[in-house]
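Enquirer: Protein chains in written order, with my numbering: chain X, 1 to 160; chain F, 1 to 759; chain U, 1 to 288.
Hints in this document: simulated from the structure, not taken from any laboratory. Please note that a few of the clues may not be correct.
[Unchecked claim] Each pair of labels, with its calculated beta carbon distance range:
| # | chain 1 | residue 1 | chain 2 | residue 2 | range |
| --- | --- | --- | --- | --- | --- |
| 1 | U | Met38 | F | Arg626 | 26 to 36 Å |
| 2 | F | Val415 | X | Arg87 | 47 to 57 Å |
| 3 | U | Pro172 | F | Gly65 | 17 to 27 Å |
| 4 | X | Arg87 | U | Phe156 | 40 to 50 Å |
| 5 | F | Pro132 | U | Asp251 | 51 to 61 Å |
| 6 | X | Asn5 | U | Phe156 | 25 to 35 Å |
| 7 | U | Phe156 | F | Gly65 | 23 to 33 Å |
| 8 | F | Thr442 | U | Glu220 | 35 to 45 Å |
Every residue, glycine too, gets a C-beta built ideally from N, C-alpha and C.
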Amino acid sequence: MVAENRTIRFTLNGQPVAAEVAPHRTLVEVLQDQFSLFGARESCSQGLCGCCTVVVDGRAVSGCLYLAAFADGAEVTTVEHLGNGGRLSAVQEAFLEAGAFQCGFCTPGFVVMASQLLAEHPDPDDDQIRHYLSGNLCRCGAYPEIIQAVRLAARKQKGG
Amino acid sequence: MTVMSGGQVGRSVPRREGPAKVSGRAEYVHHLRLPGMLVGKIFRSTVAHGRIKRIDVTAAQALPGVVSVITGEDIRTVIPHPYYGPAFHDQPILALDKVHYVGEPVAVVLAADPHVADAAAQLIVAEYEELPAVFDEVEAMTSKAVVHDTLKPAGTFPDLKHLEGKRDTNVALDFRLRRGDVARAFAEADRVFEHTFRTQQVLHLPLEPFVSAAETTDSAATIYTASQSPSFVRIEIARLLGWPENRVRVKTAFLGGGFGAKLYIKLEALVVALSLMVRRPVKISLTMEEQFYTITKHASTFRIKSGVKDGRITARECEVWWNGGAYADIGPRVTQKSGFTAAGPYDIDNVHVDSYALYTNLPPAGALRGFGIPQLVWAYECHTDMVAHELGIDPVAFRRKHILRNWRPQATGTVMRDAEIEAVLDRLAARMDWAKPFDRGTGTIRRGRGIAIGFKASVAPTTSMAIVNLYADGSCALYCSTVDMGQGSDTIMAQIVAEVLNLPVESVTVVHPDTDVTPYDMATLGSRSTYHMGHAVRLAAEEVRAKLAAMAEELGLPPGSNVPVAELFRRKYGMQAGNVVGSGSYIPAYKSPDHDTGLTPNATPYWMTGGTGAEVEVDTETGQVRVTRLVNVADVGKPINPKIVDTQLSGAAVMQLGFTMFEEMNFDGGQVTNASLADYKIPGLRDMPVMENEAVAAEQRDGPFGAKGVGESGTFGVSPAIANAIFDAVGVRLTKLPLTAEAVYRALRAARGQPLAEE
Amino acid sequence: MTPFDLVEPRSLRDAAGLLDPDDPSVRPIAGGTALMLMMKAGVFKPTRLVSLRSVEPEASRIQVDDTTLRIGALTPLASLERSAETRRLLPAISRTLRTLSNVRVRNVATIGGHLAHADPHMDLPPLLIALGASIRVVGPGGERTLPVESLFAGYFETSLARNELIAELSVPLWPQVRAAYLKCTTRSADDWPALGVAVALEMAGSSITEARIVVSAATERPTKLSGASVALRGGRGDDAALRRACDAAADEVSPMADAHGSAAYKRELVRVYVGRAVRAALAAGGAG
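Starting from the given sequences, assemble the full structure and let the hints guide the process.
Expert: Shown next, in the form of structure tokens:
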């Protein structure tokens, strides 16, 4: 079965881009192989760990379960785009201050999900935090610090 | 040890690599792309034990895009004797003649496109003549099914020099310890208690699965690998190739988790051999599923027996069987080292330990965060609670009565020092409000609490080396082969350098392991780095400090003058030029235990102690257990970075919580049936209890700045503390991990005299 | 994954025309979260995927009239979860969605795919069956409507032809219905359920005039428990009636043993959770 490659055009971290992709390529593969963006990374391959989290049209998705072809025309944002001109975002700063990571492999996924959570609920309660982030796994077990980081980020975003 | 006045040690310095990690820019081998690189996909055995009759690779070879398909016999063209391992040279790079477990690598497809390699691997056909297999560690002692025809000791590590070559047995190592007269003590005892406990096979499951790449020429090999032991990799690959060490270069990056998985040789020998054969760079990245076929944690069976006379334990007999799977990996060391402490952190005059490392036809087992200690603590701390309950004594009081205090001999005969076991117990009891009444719940929800403590001898004797390079502007670099896999070693080591040289910690960079650049380190394992590498780094920095002082003297400055470092260099070299390089090496004293008695005057450079208190809620209608609170207390000496110590304790406890409550590799005829994160569950946010962590006031007096290791201590007490809490809540005792809802429910039904049918 | 062809028709009708009733290697893909898992595991190797992402916008709309909530099959689960109409009219569905898989999956997975995948561990099917929901299906020959209950033919099997597509889900709105869904996980909190129990009670005052109890996950497909319903019908859900219902449920269910628990244990879970789900439904306000 020979499948035809197609050209997809999308906005990647604010810039219009194009890529030649085969239909069976996933978004995370294309981000890594064609755009050298490694913040979203494949781990469990089942959408359960959240290491491959990227934002497509404003919604977090698992990049390893998302065909790159489906990003045609979309706005794609990765962890590399958080923050402003080399400065860390409030969420990233909060993760640093709370020490909410160890090996760091899952961290970009948590940071992106936490950013999405705070966009939707600027002042989340514990239940909202647990609910929103329960689809991300951290084998180092930094969960207590991650919850602290999200609370801290909420305060920072409020300008506290 | 003199404590310096730099103010950099004992402080919660934020992690050095933090900004890179939170912005997705930290470097992992996972990301590595080399020009012209091929990727390999492994074809694996589908039988647990069998002779290879035929491997047909023609269809795979014919798939467009496939560059090469390689089998075990092909490997011999570049490595004639392709067997490796830290304890025994028992593991072939790809299966030769026989396969020994389901999932063993048999062949590899190489292609530029991973999807093509993947598709081609599915086209390989292998035929086997199946042989009888053995899966249970106790059966393996006497089984007619023998996993390996002969055993070939590696002879690499000094603590494993006594391993013997053997035939027709599954016993890779038997460790024995004999202290006092157990038989007599049992005969004289008022009461004797005996229980058997089991643990299940689980795995590390780092979120960055195993990954290694190699690029080679005829005379040199560079290996990029997510490894905890770059120095070992270099030495072992050099041995396999028959090359001197200096032709093999091993580089690591940050590791996306290790936990003991990424030790010794995993994919490194394979990628080197493949690269030599196809003369292109080769990378192999395992999938999450393939991690289940690579290295695991030992399942175990532990029979423990205690004799009590006048309310005191006078004798303890321990028999432990370790399920090592098809290759020994580091199982023999797990078996021996854990055997030192199998009787628990108690002062018992008569101790008898037999600990057996066994081969079976399961995926290999090695080191996992605790090196066998969590399996032992699980048994001896449940047993201790059961004995206390039978004797009608409060479990904390019963432990305190037997606690092993400093200056008393431990079971090996080694005199205890700098081990704050009693303080750990006391702080646990205080934090748990043990003396106060406890809310026991109502209706179908019953509450309970439990505690457990454990201890561990550090791995010894092992060597660490470090180089500190001070630049002419006063900044400096540390070269060491300790791998930062999330435990925060880069930060700790930078703090030690900064402390000795009285620099801000920001002025110290840490050069990641590269065996062409960074000196030897035994490995990043067993909570050894802070102590061993910490000493080497301290010594290297002290040498720099001494050389600086000499330089100042040479320049005619009075002793203690405060001329800035940069000015010293300018005066000596006439400009900003030059370096001051210091090196340090450290190997602690150690005496191997006597072969027949297990006794030694120096079993370990330091003791690690950890304990956990657990509170649980048990649903009596379903058996579901919710762990609501975990209190983790440890003796880590004087913390170099209290925040990192805290996260290490809590992270270790979270991992052990998974091993306690639900993690379990399920097997059907040796085939793992739940090799994915969908079917093998690890703890998530909604499984988190309230976590509290505490490092007790302590000092390891011969440790660097009073510190010692911490990475594993948080695991020790978790499983028995929870089981003890479940007993406290509902009066049922589980003796096998994991503590599933169904197991609790069945025990509740059995206790009511209405056992639930097997179905 | 192996290469395949990807086509993107502009309507569901066209999409149905591109499917082949005799070729299992041609399948529709919407959110793709479940299909991608099968493809990545190598258990499904498509020759062609028919993407439903560019079909008519009506297919992803949520509409309400006096008697029905109509949900286009391409509606992402997250949109259904956030919909004000769902929250107001069918809060049991919103609550269930919150516990379904994770945020990322719900952002992408569609209600049509959720149903068509026919995985017995899915959370909404038992609740939709209890609520008496139905689906509208399009095929090359036209449309038909069937109750959600008869969609599930077996383990990962539906009663749809290979070239039929779910176009819309309709959930009846009965103000006097109280509903709840409870799920039980036996390993980590985010595990697939060992058991799901959905309950919908039609009430006349405080009397139960009709009870529909559906279990999932423990059985090879979502299964109505009629004995338990009979035990509740006409009563007020008092303790004695609940006990009878729970025992009837445990007697009539045929659980599958798997890594989540033995069949005997799951039977006991059914006995407990049916009671808890009925209580939760009774405690819920109108329309559950």
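Enquirer: A separate judgement is required for each hint: does it hold in the structure or not?
Expert: Checked hints:
1. Separation of U/Met38 from F/Arg626 is about 34 Å and conforms to the stated range, judged on CB atoms against 26 to 36 Å.
2. Between F/Val415 and X/Arg87 the Cβ separation comes to about 55 Å, which falls inside the hinted range of 47 to 57 Å.
3. The beta-carbon spacing between U/Pro172 and F/Gly65, approximately 54 Å, falls outside the hinted interval of 17 to 27 Å.
4. At about 49 Å, the CB distance of X/Arg87 to U/Phe156 agrees with the hint of 40 to 50 Å.
5. In this structure, F/Pro132 and U/Asp251 break the distance hint of 51 to 61 Å, their C-beta atoms being roughly 43 Å apart.
6. Hint check: X/Asn5 to U/Phe156, Cβ distance near 32 Å, so the stated range 25 to 35 Å holds.
7. Roughly 32 Å separates the CB atoms of U/Phe156 and F/Gly65, a value that falls within the hinted 23 to 33 Å.
8. Here the CB-CB span from F/Thr442 to U/Glu220 is close to 38 Å, well matched to the stated 35 to 45 Å.
When each numbered hint is compared with the structure, violations occur for hints 3 and 5.
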